[in-house]
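Following the hints, complete the assembly by docking chain B onto the known chain A.
Heads up: the protein sequence lines correspond to chains A and B, in order. Take 1 as the starting number for the first sequence in the numbering used here and just add one per residue. Take 1 as the starting number for the second sequence in the numbering used here and just add one per residue.
Mixed in with the good hints there might be a few duds.
Stated by the list, open to error - Derived lysine-lysine pairs resembling PhoX-like cross-links, with alpha carbons at most 20 Å apart: (1) B/Lys-154 - B/Lys-107; (2) A/Lys-42 - B/Lys-53; (3) B/Lys-33 - B/Lys-53; (4) B/Lys-166 - B/Lys-196; (5) A/Lys-153 - B/Lys-53; (6) A/Lys-130 - A/Lys-194; (7) A/Lys-199 - A/Lys-42; (8) A/Lys-24 - A/Lys-153; (9) B/Lys-33 - A/Lys-194; (10) A/Lys-153 - A/Lys-42; (11) B/Lys-231 - A/Lys-199; (12) A/Lys-24 - A/Lys-156.
Keep in mind that the hints were calculated from the coordinates and are not lab data. A quick note: this is a predicted structure, and the numbers were derived from the prediction, not measured.
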Amino acid sequence: MRGSFRRVDYPRKKGSLGIMAFRKITPPLTDEVVEGLRAGDKVLITGTLYAARDQAHKRMSELLERGEPLPFDIEGQIVYYVGPTPPREGMVIGSAGPTTSSRMDEFTPALLDAGLKATIGKGARSDEVKEALERFRAVYFVSVGGAGALLSKRIKKAEVVAYPELGTEAIRRLEVEEFPVIVAYDMYGGDLFKEGVEKYRRV
Amino acid sequence: MREVSVDRIREEVKRLCIEGAYILEEDVQSALKSAFEREVSPMGREVLTQIIKNYEIALDGVLPMCQDTGIAVVFVEVGRDVRLDGSLEDAINQGVREGYGEGYLRKSVCHPLTRQNTGDNTPAVIHTRITEGDRVKIKVALKGAGSENKSSLKMLNPTAGVEAIKEFVTDTVREAGGSVCPPIVVGVGIGGDFEKSAILSKEAILRPIGRPHQDETIAGLEEELLEEVNKLGIGPMGFGGTVTALAVHIEVYPCHIASLPVSVNIQCHADRHKEVVI
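Chain A on its own, in the form it takes in the complex (with noise of 0.2 Å):
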């Protein structure tokens, strides 16, 4: 299809994502990583991620409610709010953007207080998910929405490790390298919307 349809010019600096630095983290992450981060903060992360949505997490939920073990090992990892499309042959995943993260919030406090140290999605969440931050020392990251095609070239590896019925919505380990991230809540109340919103609201 290239070629046939014009692009838009725009300013880029070649091999970069963007304008400010980053920061560079690999989970399992520690407090001390967490304790590090701010909103506002941009991060590139290398490592694992597990992709789960919605009905991954009312799985998980329940597996916590009978006291049973979670499909994976979620001390200091990082759960990605993603539901891909299918790969292509020879491609690991298709795109694979955030999806939004407020539908999760009720699961989220139990999964952080299981170990879970980050979460990534879109949009704003529940005051229970900020608070559940602060007391599990955790963080919430958000990537660019309808970023899916540019986001899924971070990521080298996929598996599915639970719930393959649930197709789109199966979890999966995924391998990514600097995978661009932005800390949307800090684990000290900081609140990159708020704080965005509150500069350039003229109402």
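Leaving out everything else, chain B in the frame of chain A:
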């Protein structure tokens, strides 16, 4: 009578689904480019850079621009002088089935209660109208749930007036915040009845960006509302900024003297709409 084969309709729907997921229409491309030029917030500009880079990657036809390739919403107008040689709905659904399969698109349609996936992204949401002439016009939108979920409908009092309509629209956009993937297109349906206003709001987002309503008063209201929405400061992905919406589109229809239905349908920046005339 003009014969139109439903096989042709199937083929076109399939093509529109696949191209919709990979090729952002030029009106949206230019609107995003112009948003980048206007945006004041550095974080907002960074987000827009990623959004533009992303749809450019999708143009290669390998990775869809967004993993939520949506539910297919199809508006079809069939001229009364057209004779179809089979079922219109079957042809549309078969086109969706083939498009989502061959295009490597995500199958996101399921039973509302059991949540069992239908496996092929059917059925599509189909709106059919009989029109004059001998043509078939098909518009396809791949509608993602992130933006659809924050859409809203309100039955206002008939005496509430334009100010109440504006307040409802800006309240809906404010509450939607960053989860709807701004910069957005806001579709507003005013009038009709309960469901008519919702359909109008969906038709409104299908109108290309940069084409104001033909009625000057409505076009003026579109402009005013765009300004109001952009004053909210939500910005690209909700990180704060001056560009929250690329456009506000309004469609109107007469309503009952006791009613003033208003629907707000939100469209994310991956504004995937395609059309063809057969």
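So which of those numbered hints doesn't the model satisfy?
Numbers 1 and 9, in rising order.
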